[in-house]
Amino acid sequence: MFEKEAYNRLVRNGVKPSVQRMAIMQYLLDHRTHPTVEDVYKDLYQKIPTLSRTTVYNTLRLLSENNAAQMITIDEHRVCYDGETKPHVHFYCKKCKSIMDLESQDMAEFKAETCGHRVDSVQVYYKGVCSECLKKEDND
Numbered sequence: 001m002f003e004k005e006a007y008n009r010l011v012r013n014g015v016k017p018s019v020q021r022m023a024i025m026q027y028l029l030d031h032r033t034h035p036t037v038e039d040v041y042k043d044l045y046q047k048i049p050t051l052s053r054t055t056v057y058n059t060l061r062l063l064s065e066n067n068a069a070q071m072i073t074i075d076e077h078r079v080c081y082d083g084e085t086k087p088h089v090h091f092y093c094k095k096c097k098s099i100m101d102l103e104s105q106d107m108a109e110f111k112a113e114t115c116g117h118r119v120d121s122v123q124v125y126y127k128g129v130c131s132e133c134l135k136k137e138d139n140d
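Under our numbering, the first residue of the sequence shown carries the number 1, and numbering increases by one thereafter.
Everything labelled a hint here was simulated from the structure, so no lab data went into it. Yeah, the Cβ is synthetic: ideal placement off N, Cα and C, and Gly gets one too. It is possible that some hints are incorrect.
Pair by pair, the computed Cβ-Cβ distance ranges are [as the list claims (entries may be wrong)]:
| no. | residue 1 | residue 2 | range |
| --- | --- | --- | --- |
| 1 | H117 | D138 | 42 to 50 Å |
| 2 | N66 | S131 | 32 to 40 Å |
| 3 | H31 | H77 | 17 to 25 Å |
| 4 | P87 | G14 | 32 to 40 Å |
| 5 | S18 | K136 | 36 to 44 Å |
| 6 | C96 | K4 | 18 to 26 Å |
| 7 | C96 | S121 | 21 to 29 Å |
Could you build all of it, start to finish, from the sequences and the hints given here?
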């Protein structure tokens with residue numbers, strides 16, 4: 001089922017499907033952890049030994065440029081990717097460095113087109129300390 005979703009996402013966004021592109025798109029759909037190029041490469045290299053970091057980098061950039069995925073630059077030290085392209089908010093934990101999706105009705109209802117603009121992408125994020133790290137602080 002997800003393989004078809006990956007294929008459809010590529011075609012719908014004008015990206016020519018290939019085995020490697022499908023695998024990378026599928027990875028983003030399956031892993032909602034906002035992986036980096038290195039994360040994707042390490043996990044997929046085991047399944048596709050001919051895969052290179054350059055291919056992963058170029059494919060993720062291509063997916064981002066064609067709105068099949070989002071490039072996230074919350075953390076100034078790394079670039080992460082998100083397979084979820086519907087408007088949503090990200091939360092970045094300054095302690096554990098994780099990025100989480102937050103649902104927001106306001107984002108879904110915001111219509112910039114009503115202001116006479118065409119919106120191709122939106123990135124909204126919060127920075128702070130996540131609930132798990134706060135629990136650890138309370139226990140210390």
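Could you see if the CB distance from H117 to D138 stays within 42 to 50 Å? 44 Å, holds
Beta-carbon spacing of C96 to K4 - inside the hinted bounds 18 to 26 Å or not: 34 Å, violated
Indicate whether the distance between the beta carbons of H31 and H77 respects the range 17 to 25 Å. 20 Å, holds
Taking 32 to 40 Å as the stated bounds, is the beta-carbon spacing between N66 and S131 within them? Holds - the Cβ-Cβ distance for N66 and S131, about 34 Å, lies within 32 to 40 Å.
Could you tell me whether the CB distance from S18 to K136 stays inside 36 to 44 Å? 43 Å, holds
Please check whether C96 and S121 have a Cβ separation lying inside 21 to 29 Å. Holds, since C96 and S121 (Cβ atoms, about 26 Å apart) stay within the stated range.
Take a look at whether the Cβ-Cβ distance between P87 and G14 falls inside 32 to 40 Å. 21 Å, violated
The earlier numbered hints that this structure contradicts are 4, 6.
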